[in-house]
Amino acid sequence: MRLIDLATSLGCALIGEGGDREITRVAGLEDAAAGDVTFLSNRKYAKYVATTRASAIIADASLASAPCPIIRSAQPYVTFAEALSRLIAAPRHVAGVSPLAHVDPTARVDPSASVGPFVSIGAGTSIGPRTAIYPHVTIGPGVTLGADCVIHAQVSIREDVRVGDRVILQDAAVIGSDGFGFATRRDGTHHKIPQVGRVVIDDDVEIGAHSAIDRPAVGETRIAAGTKIDNLVQVAHGVKIGQRVLLAAQVGIAGSTTIEDDVVFAGQSGAVGHVRVGKGSIVTAKSGVTHDLAPGSAVSGFPAFDLAAWKKASVAFRRLGRTRPRRKR
Amino acid sequence: MRLIDLATSLGCALIGEGGDREITRVAGLEDAAAGDVTFLSNRKYAKYVATTRASAIIADASLASAPCPIIRSAQPYVTFAEALSRLIAAPRHVAGVSPLAHVDPTARVDPSASVGPFVSIGAGTSIGPRTAIYPHVTIGPGVTLGADCVIHAQVSIREDVRVGDRVILQDAAVIGSDGFGFATRRDGTHHKIPQVGRVVIDDDVEIGAHSAIDRPAVGETRIAAGTKIDNLVQVAHGVKIGQRVLLAAQVGIAGSTTIEDDVVFAGQSGAVGHVRVGKGSIVTAKSGVTHDLAPGSAVSGFPAFDLAAWKKASVAFRRLGRTRPRRKR
Amino acid sequence: MRLIDLATSLGCALIGEGGDREITRVAGLEDAAAGDVTFLSNRKYAKYVATTRASAIIADASLASAPCPIIRSAQPYVTFAEALSRLIAAPRHVAGVSPLAHVDPTARVDPSASVGPFVSIGAGTSIGPRTAIYPHVTIGPGVTLGADCVIHAQVSIREDVRVGDRVILQDAAVIGSDGFGFATRRDGTHHKIPQVGRVVIDDDVEIGAHSAIDRPAVGETRIAAGTKIDNLVQVAHGVKIGQRVLLAAQVGIAGSTTIEDDVVFAGQSGAVGHVRVGKGSIVTAKSGVTHDLAPGSAVSGFPAFDLAAWKKASVAFRRLGRTRPRRKR
Numbered sequence: 123m124r125l126i127d128l129a130t131s132l133g134c135a136l137i138g139e140g141g142d143r144e145i146t147r148v149a150g151l152e153d154a155a156a157g158d159v160t161f162l163s164n165r166k167y168a169k170y171v172a173t174t175r176a177s178a179i180i181a182d183a184s185l186a187s188a189p190c191p192i193i194r195s196a197q198p199y200v201t202f203a204e205a206l207s208r209l210i211a212a213p214r215h216v217a218g219v220s221p222l223a224h225v226d227p228t229a230r231v232d233p234s235a236s237v238g239p240f241v242s243i244g245a246g247t248s249i250g251p252r253t254a255i256y257p258h259v260t261i262g263p264g265v266t267l268g269a270d271c272v273i274h275a276q277v278s279i280r281e282d283v284r285v286g287d288r289v290i291l292q293d294a295a296v297i298g299s300d301g302f303g304f305a306t307r308r309d310g311t312h313h314k315i316p317q318v319g320r321v322v323i324d325d326d327v328e329i330g331a332h333s334a335i336d337r338p339a340v341g342e343t344r345i346a347a348g349t350k351i352d353n354l355v356q357v358a359h360g361v362k363i364g365q366r367v368l369l370a371a372q373v374g375i376a377g378s379t380t381i382e383d384d385v386v387f388a389g390q391s392g393a394v395g396h397v398r399v400g401k402g403s404i405v406t407a408k409s410g411v412t413h414d415l416a417p418g419s420a421v422s423g424f425p426a427f428d429l430a431a432w433k434k435a436s437v438a439f440r441r442l443g444r445t446r447p448r449r450k451r
Numbered sequence: 123m124r125l126i127d128l129a130t131s132l133g134c135a136l137i138g139e140g141g142d143r144e145i146t147r148v149a150g151l152e153d154a155a156a157g158d159v160t161f162l163s164n165r166k167y168a169k170y171v172a173t174t175r176a177s178a179i180i181a182d183a184s185l186a187s188a189p190c191p192i193i194r195s196a197q198p199y200v201t202f203a204e205a206l207s208r209l210i211a212a213p214r215h216v217a218g219v220s221p222l223a224h225v226d227p228t229a230r231v232d233p234s235a236s237v238g239p240f241v242s243i244g245a246g247t248s249i250g251p252r253t254a255i256y257p258h259v260t261i262g263p264g265v266t267l268g269a270d271c272v273i274h275a276q277v278s279i280r281e282d283v284r285v286g287d288r289v290i291l292q293d294a295a296v297i298g299s300d301g302f303g304f305a306t307r308r309d310g311t312h313h314k315i316p317q318v319g320r321v322v323i324d325d326d327v328e329i330g331a332h333s334a335i336d337r338p339a340v341g342e343t344r345i346a347a348g349t350k351i352d353n354l355v356q357v358a359h360g361v362k363i364g365q366r367v368l369l370a371a372q373v374g375i376a377g378s379t380t381i382e383d384d385v386v387f388a389g390q391s392g393a394v395g396h397v398r399v400g401k402g403s404i405v406t407a408k409s410g411v412t413h414d415l416a417p418g419s420a421v422s423g424f425p426a427f428d429l430a431a432w433k434k435a436s437v438a439f440r441r442l443g444r445t446r447p448r449r450k451r
Numbered sequence: 123m124r125l126i127d128l129a130t131s132l133g134c135a136l137i138g139e140g141g142d143r144e145i146t147r148v149a150g151l152e153d154a155a156a157g158d159v160t161f162l163s164n165r166k167y168a169k170y171v172a173t174t175r176a177s178a179i180i181a182d183a184s185l186a187s188a189p190c191p192i193i194r195s196a197q198p199y200v201t202f203a204e205a206l207s208r209l210i211a212a213p214r215h216v217a218g219v220s221p222l223a224h225v226d227p228t229a230r231v232d233p234s235a236s237v238g239p240f241v242s243i244g245a246g247t248s249i250g251p252r253t254a255i256y257p258h259v260t261i262g263p264g265v266t267l268g269a270d271c272v273i274h275a276q277v278s279i280r281e282d283v284r285v286g287d288r289v290i291l292q293d294a295a296v297i298g299s300d301g302f303g304f305a306t307r308r309d310g311t312h313h314k315i316p317q318v319g320r321v322v323i324d325d326d327v328e329i330g331a332h333s334a335i336d337r338p339a340v341g342e343t344r345i346a347a348g349t350k351i352d353n354l355v356q357v358a359h360g361v362k363i364g365q366r367v368l369l370a371a372q373v374g375i376a377g378s379t380t381i382e383d384d385v386v387f388a389g390q391s392g393a394v395g396h397v398r399v400g401k402g403s404i405v406t407a408k409s410g411v412t413h414d415l416a417p418g419s420a421v422s423g424f425p426a427f428d429l430a431a432w433k434k435a436s437v438a439f440r441r442l443g444r445t446r447p448r449r450k451r
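Residue numbers (the working numbering), protein chains in the order written: chain A, 123 to 451; chain L, 123 to 451; chain W, 123 to 451.
Hints should not be assumed to be uniformly reliable.
Because identical chains share one entry, a pair is satisfied inside a single copy or across any pair of copies.
Distance condition first, Cα-Cα at most 25 Å in a straight line; then the derived DMTMM-like pairs of lysine to aspartate or glutamate [what the hints assert, rightly or not]:
#1 433 / 414
#2 314 / 382
#3 314 / 287
#4 166 / 342
#5 434 / 414
Derived by calculation from the structure, the hints in this document are not laboratory data.
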């Protein structure tokens, strides 16, 4: 694709000569070579601009000049993502059911869907148009899977789960496993509470490799539209997650907690059960929320409290070891 | 089922009129509608009793009145679990081996067991009566699996593992993967120590989705009867876990550690290797045990120490950022 | 095997009588019986030497006498590992492709490789000599897998991944899942950045059960030779991990971070994105690295700082709850 055509298709101005250059790839600043478009989004990498061998760079107005033409964008990272989509071929999914798949006769698979070898689809389940199901996926009975979903290998979708459109499940995600619900008897033994509620995954959700979304005993566990969940994340029974939420890797949300829209949990953080995390809140890495948070909160630590105060306390903590030199040793 | 019959079968008194009502479902306080029985176990939800539309409520003596009849129970959560068991149909597992399964000719599968499509069962392995094995489960050679187990999809049970009766393995659990054992040579390279010990899972254990129970080089890793393990939990090589232990999601127990009976590890907590956690101890969320704990300990933090002291220290930590206003900035 | 022959084959002196004893097994100090060789590596277990029933013990010069002959080694743990390798039979992998596997006609599988039932191998993929692939493994198109690898059940290796020789992937590891890369638009929605980079796993790497190695949008994620990764570990998109690195269970490394050679991350620790952890550094359990670390650093806490200082600060933290008795309560 010609550089000028790429810039035009991205709705961006092209600054500098070279609109005729052929662009075939997107690459990082350090790796880029002739034919590549690169991008500057994280200021930390600005030092690499001068020596990049890229044929063009996507950057905002803070970058005045570069050794190659600049594709000017107010949101370079978004533009980078769009450029990538234009330059790569989307994976082709061949419509049809592999003769090595096992589809219950009562299941309905749209003719435009793609079902790989060793896929198992249960009774009464419905698979929407253009949805691609990779090898070794297990889909239980009574499941509804929407249109244009991509279900990677080794995923398990348990009975009665509902999945919307354009949902992506990375390899080995588990949707609808039993919640960890036990009633402890007087003698200390744990009586399993049948987990017969439902899991609902709304449109445009992505769930990472090895993440687990548990079903509750009653009611439902719900992931609302546009939410993105990274790898190895635990979402317990009865949790409600709002729209456009981001849960980074290894986050854990305990039972019956509600996460409102636009919340971000950074890596290895979590929340205890039965709390509400208000809209747009940010929970930093490794932190743990133990009580309700007002909308727009930014918290850190365990138990998590105000981020700015936590930063000061952390600096003071670091001094704790130094301030009072001990006589002995 | 008539309400009065349900109460009677639960061994509970029914308080109030309406014993003739037909009960078909169990539901949470807020979601319940006519025909549902609900329950009050966590005091936090008491405020919803007045407006519930349930046809009956399970509660202890602290609830004097409700807009519906009360099923009186000293342990409402246990009674709720039992009511649920009575009202739902247990999943039916059709006895027999799917023609799409691969069973080694030397394996013994009880005729009452249920083996789904794409299950692989190794040489010399034995599957007990009424055990249900979902699609895509891999069971290695030399495995013994007891009666009435439920093995969900995508589970891997490695060679020579022993599993008792009534064990439930949630989707994608791995039992018997190699322990992380290496001997580091002088030149810094890591020599793999063959992990040829055994894993033993006793009766009535449940293990969550994506949890891994590693085998040791020598000896065994053991999970004793009645212990319940949540999702994404790591149990390393040579760990011994006692009876009725609860390990919440994302807990990690390092090699050769012993967890005695009735211990509870909350979410994202852990223990280092080669320590002993005494009977009935409680480790709070995100904490890390670094030394032996006496029976009945309650600890928090990392390194974990007495819970009450940790709570005070945490309050003091939070004040650290405030107490000494710094001149600069 | 005779004890004297075992000692000789290990290149060790045998101290004491009994070279004719037949040795058949390796066992821990407490479990060992007649016919077993045991070992003393961790000083914590020295108290069990006097009562061991083992027929021989591997130990360094710190152990002067024992109730059985001593195999003298300056590195007892390495010698133990080697003894184990000599005494156990390596698992046999029968060469050939199971008739129940699905191999794309354009894939090349070395005739000495072993491919189990329900394995799926994609177009253009190449499997090297003597590599063993257990049941239910999914290997996408365009993958290169070297010689003498062991790929356990339920693993997913995605498109275009390159794997070297002697690599071991434990059950359900995922290699090449999409990185968690989204560009957030002004309206708060998250635009997926196509993750079309590559994952490269070099020789002699081992990756644990349920660990995930993500592919990046551009460039590659790389795990260099001799690195060992435990279970449930997250390695995000674009991470570069050096040689002989150890990542213990439940570690998380965020995107674009570089881990140099010989680094150790203990359990449940992690690093944020875009930082560099210098050669030979040690990150203790549950810690989180938030900035570049010089080679040879030892750090703890979150944010992580110098280990010795953190230990003092932790002791002071513990005192915080005690020092100032509060009037109220």
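Do the hints match the structure? See the list:
In this assembly of identical chains, residue 433 and residue 414 lie within 25 Å of each other by CA distance both inside one copy and across copies; the values are 21 Å within and 18 Å between. For the identical chains of this complex, residue 314 and residue 382 are inter-copy neighbours only, at 21 Å across copies versus 30 Å inside a copy, given an alpha-carbon limit of 25 Å. For the homomeric pair residue 314 and residue 287, the shortest alpha-carbon distance between copies (15 Å) is at most 25 Å, but the shortest distance inside one copy (34 Å) is not. For a Cα distance limit of 25 Å, the shortest separation of residue 166 from residue 342 across copies, 19 Å, qualifies, whereas the shortest one inside one copy, 43 Å, does not.
In this assembly of identical chains, residue 434 and residue 414 lie within 25 Å of each other by CA distance both inside one copy and across copies; the values are 22 Å within and 21 Å between.
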